[in-house]
Every structure is written in C-alpha cells, then in structure tokens.
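**Student:** Chains as they are written, first to last, in our numbering: chain Y, 1 to 327; chain D, 328 to 654.
Each hint should be verified, as a subset may be incorrect.
What the hints assert, rightly or not - Estimated spans, in silico, between C-beta atoms of each pair:
(1) Y:E93 to D:W583: 22 to 32 angstroms
(2) Y:R168 to D:S546: 54 to 64 angstroms
(3) Y:Q138 to D:E649: 35 to 45 angstroms
(4) D:H385 to Y:R158: 36 to 46 angstroms
To be verified - To give an idea of the interface, some chain D residues facing chain Y are shown, with a C-beta separation under 10 angstroms as derived from the structure:
(5) R369
(6) L373
(7) E383
(8) I423
(9) L425
(10) E427
(11) G433
(12) R472
No lab work stands behind these hints, which were simulated from the structure alone. On a predicted model such as this, the values are computed, not experimentally measured, just so you know. Glycine residues also receive a C-beta, built at the ideal position from the N, C-alpha and C atoms.
There are 2 protein chains.
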Amino acid sequence: MSTPYRIDGLQYANWSPKIFAQMAEGGVHAVHVTIAYHETFREMVLQVERWNRYFEQHPDRLMMGRTAADIDTARATGRTAVFFGFQNPSPIEDDIGLVEICHSLGARFMQLTYNNQSLLATGCYEDEDPGVTRMGRQVIAEMNRVGLVVDMSHSAERSTLEAIDIARRPIAITHANPAWWHPARRNKSDAVLRALTARGGMLGFSVYPHHLRDGSACSLQSFCEMIAESADRYGAENLGIGTDLCQDQPDSVVKWMRVGRWSKEIDYGEGTADNAGFPPMPGWFEDNRHFGNIENGLRNAGLSEDDVAGIMGGNWYRFFAENFVPE
Amino acid sequence: MSTPYRIDGLQYANWSPKIFAQMAEGGVHAVHVTIAYHETFREMVLQVERWNRYFEQHPDRLMMGRTAADIDTARATGRTAVFFGFQNPSPIEDDIGLVEICHSLGARFMQLTYNNQSLLATGCYEDEDPGVTRMGRQVIAEMNRVGLVVDMSHSAERSTLEAIDIARRPIAITHANPAWWHPARRNKSDAVLRALTARGGMLGFSVYPHHLRDGSACSLQSFCEMIAESADRYGAENLGIGTDLCQDQPDSVVKWMRVGRWSKEIDYGEGTADNAGFPPMPGWFEDNRHFGNIENGLRNAGLSEDDVAGIMGGNWYRFFAENFVPE
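Take these sequences, add in the hints, and give me the full structure.
**Tutor:** Take a look at the structure:
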C-alpha cells in the first residue's frame, strides 16, 4: 500500500535547501507555491527561471509539477512536486492570450484578485464589490479551457459567488478558513463555502495566524474541530490543507505582498502598525515537518481514516487530476 | 505500411487557412515555423499566442509540435504538427534563463545569429567574424541541456565551425545550400557542411531563390542533382528539406526581416534596390502542394527509395526525436 498523499495547497516561503529538506522530512509530495503577487508577465517569468534553477540544482529534492501524475513520481522518488500559482492576475496583464502562455509555463492556479480591485474581479479589502468584470468573464472561460484553476482566496463575497457560478469547472479557495470559526476579512462566509463545494470546488485550510481563532495562540484542537465541523457542513471530500506557510520571509516581503507598487502609503493588510510583519506560526505548525501534527489532530477530532487521508492530500490529488488538463 | 514522413525544416509564411489546407494537400506532417526575427521576449510570446489561436481555431488541420511523437499523431490524423523556432536569439534578450522558458513555450530551434553580430555569435553579413562569444558558449550549453537546437543557417563561417565544435549535441543548418553549387553569402562552405554532418548535424536544402543556382529560374533537375552530390559528400542520412517558403508575405515583412529596428537605413540583404521584395519561387515549388515534385526529382537524380524517404522527412524525424528532449 502506498503512503497516503500529503499535499499543501499553498506556500510562499523564502525557499532554501533547508526548507526543501524539511519538505522531504515532512513527507510533502506536492506543494502549490506562489510565484507572483504584483509581478508583470516578464517579472513572473523571472520567478519561473528561479524555480528552474532550483529544479536543476536540487534534483534529489524537487521536481516541477505539471500534472497529478507528477505527484506520483515525486512520491515514488522521495521528492516534492512544485506547482506554480499566482495570487493576483497581474502576470496576464491585459492580454487574455497570456492565460494559455502561463499554463504552458506551469501555472496551475491564479487568483482573480489579491485584496484590491483587479481587471477581473474585486478583492476582499475593497469597500464595494461590483462582481466579475467583462474581462473577468472572458478570462474565467479561458482558464477553464486550458486548465488553469480559478482561486478566490483573496476575493470579495459577490465576486467569489459569481466566479463559482460563471466557471464551467470547479474553482478553489486554496488558503482560507470559515468566517463562522474566525471572522477575519480573508475568511469565507458559509454561503460562499456551500456554493464552492456544491460545485466540486475545494477549500484549503490556512494556518496563517491572521486566519486562525486566537491567532498564533490557536490550539491544534480548535483548528481540527473546525475542520471536522466543515466536513459535516461541506463534505470532507472538498477539503484540503493550504497552510499559507511564509517561512523565513523577511518583513520586506510582506510589504511587497500588501503594497506592491499600487500605493505610496503603507497598508498593513491583515496586520497593524504594531504588528506589521509576519506573525509567529502556532507551535504545532512551524514548518513542513509538522504536517503529522495536523494529521493526528484530525484523527483526534473524530474524522475517519479515509477522511483524514483525503484532507491531507487525496482530495487535492483528485482535484489536480481533474482540473489541470485542458478541457 | 505508414506513409513516409514529409517534414519541412523551415517556413515563414503569411499563415492562413488556405496555406493550412495546402499543407494537408501536400501531405506535410510537420513544419518548423519561424516565429521571431528581431522580436523581444514579450513580442515573441505574442507570436506564440497567435499560434495558440490557430491551434484552437483549426484543430482539424494543425497541432502544436513538441516532440517527434507529435508528428506521428499529426500523420495519423491528417494534420500538420507545427514546431516553433527563432531566426535570431533576440527573444532570450541577455537572460540565459529564457532559454529554458522558450523551450517550455515550444521553441525547438534557435539561430545564434540573423545576418548581424548578436550577443552570441556572428552573422554572415558582417565583415569580421570573431567567433562564438562568452555568452554564446554558455547559451549553447544551456540549449543542449534543455533540447533547443542550435541553428546556424544565417551565421558566418568561423562562428558556425566553432558552434559545431562547442555544442555537445548535433546542430542544424535548417535552410541553406552548398556554396559549391551556388556561391551565395547565405550558402555554406564544404568545410562547414563536412564538420556539421560529421557530428550528426542536419542540413535542410532551401528553395528560396536567392539560395538557388539561376535563382527563380533554377531547374528541379539541377536542385536534385545538387542534393544527390551532397548525399555522396555528406551522407544522405544528414540531409533534409528546409524550403524557406515565405508564401504570401507582403514586402513589408522582408523589410522587417532585414532591417528590424537595428538600422534607419534600408539594407537589401540578399536582394537589391531593383529586386527588393520576395523573389518569385521556382515553378516546381510554389507552395506546400509541390513536395511531390521534389520527391520525384530526387528519384530521377538516382537516389534510392530509402534515401529519398529520409531526405523528405525521415531524417528530420530522427533528428527531432534525438534533440528536442532534455539531456
């Protein structure tokens, strides 16, 4: 019997051989990594180039992920398959043809927005949410055609509901939690999560402290009971992990994520002037070696072995297999 | 028994449904098409986008070619597999990481120069040829690593000999003829062709009138006798066709090819002020429907059936199979 899949639906670490070794130690077979926040197309390509060098220099640890089958190869050879994603549509600029180009370069997830209004939809920090734009409708159809998954993790309510409805294929919220557990602006309403999962979409549970009840002090038990409750509400088969692990990042990076080039004034996003940097991770999930803690926590919360295996990776595997290939 | 392969080593047509139908009528299973002369990376990506739309709109005629196996699919389904190439290294700009990116986007051939000095090597219109540059050596190694074929069709003598020698894998001259048959600046010396083929490199014979003895009036017999003589000198297994067909192009395009943005003055390249546009093709090869004329001409020139099948496509097929994949 093969080891059950262990897949992380989102990370944005300051990548290093140390972290690659921790992924191996933690038995992580696949990870969706963010390679763009505010980057133009050409700037995003530089990030792909950077990953190509990692793949060349660390062939024992890493491989590029394009299809679900690559996860099996990675699992069989003790490596991690890396799948690319964007947290903002900035890399496609105003050019719908870049959707397929980005997919050719390995992109498998793209958020329609990152906090602000984009050309496609509205982010969760805007006061008004007029929904999916004209270009947004065209781009969703094109993403569906080529196999680039719509991710609404940072989007506003109406835009998210409309994207779920407009898309011909299931969409994802790769890294967020239910607002009924912790009412943060980035967490999602019950209505959104019901609509998402009713259409076969996936929710990846975040361990980023701003998304957790009690922040960095959140207990593993509370986190796992929230997942068990979500399984009751939305079906365990539509759930996965999306840690949002931002390991070893300097605070300059969170500034780029929040402000990019769009403002001359500082915007603290989920943080505050007093707590502007990356918050400390909870002790039960400090890095990739701690996935076993979540797995045990889910068992202790009463989930079945099948449900635990699905949430830890099997469900993402199925979703990747169905949604990364052209229609 | 399958139809023998029919593969063209280079075309740069003003693409249209008419030409796609002519490729089907001519039984062309694969063609290497030029998508860049002086384009930057981003401008080249726009050309890939344009081809992606052709593939989407003409699925009965075309498919993207990435590997030799795609030629078998195209042949089995009556389509043409289209492989991308650049006649200049401008799309990689000054960034060696773009070599792998371009390969990911489908590029399979890249000339190190187009007539002028480039960052990598020297073109055949320069007065001096100092050989392959520092960056050129690095880029050749990277092209070999990822499976992007070095093409020296427009390069100068010393640069070409050095590229053949530096490269770990065979290189190609996709579209040119021997200078001993027609001493044009773009045609290649016996020394270059011997060195090329001794290392397993391929020569694609051009039908572009400036490369032909007697230009547009060149006879099919003369062309095919030249190929038979080349088979004696270099081995039939290292020979193919690279028509350089520039069908239906307006003269504005030949101006872009020759002058790009590098000069404010007109440069006529192989043409003259009196004959500045595309010259008329010989009557025995006006478009893709006429490959059968060349095939028959080769038989009449005394080549064996095996040699004819190899030159018409089998040799390119083998070369694609061996050289388009990473090391």
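**Student:** Decide, hint by hint, whether the structure agrees.
**Tutor:** Results for each hint:
A beta carbon spacing of about 24 angstroms between Y:E93 and D:W583 agrees with the range 22 to 32 angstroms that was offered as a hint. At about 57 angstroms, the CB distance of Y:R168 to D:S546 agrees with the hint of 54 to 64 angstroms. Checking the proposed 35 to 45 angstroms range against Y:Q138 and D:E649 shows it holds: the Cβ atoms sit about 41 angstroms from each other. For the pair D:H385 and Y:R158, the beta carbons lie near 39 angstroms from each other, so the given range of 36 to 46 angstroms is met.
Using the Cβ-Cβ criterion of 10 angstroms, the hint placing D:R369 at the interface with chain Y is satisfied: the shortest such distance is roughly 6 angstroms. Using the Cβ-Cβ criterion of 10 angstroms, the hint placing D:L373 at the interface with chain Y is satisfied: the shortest such distance is roughly 7 angstroms. At its closest, the beta carbon of D:E383 sits 8 angstroms from a beta carbon of chain Y; the interface hint therefore holds under the 10 angstroms criterion. Against a cut-off of 10 angstroms between C-beta atoms, the interface hint on D:I423 holds, since the closest Cβ of chain Y lies about 9 angstroms away.
For the restraint placing D:L425 at the interface with chain Y, the shortest Cβ-Cβ distance is roughly 7 angstroms, inside the 10 angstroms limit, so the hint holds. For D:E427, the interface hint holds, the least distance from its beta-carbon to any beta-carbon of chain Y being 5 angstroms, beneath 10 angstroms. Hint on D:G433 holds. Least Cβ distance to chain Y is approximately 7 angstroms, under the 10 angstroms limit. Interface restraint check for D:R472: the shortest CB-CB distance to chain Y comes to about 8 angstroms, inside 10 angstroms, so the restraint holds.
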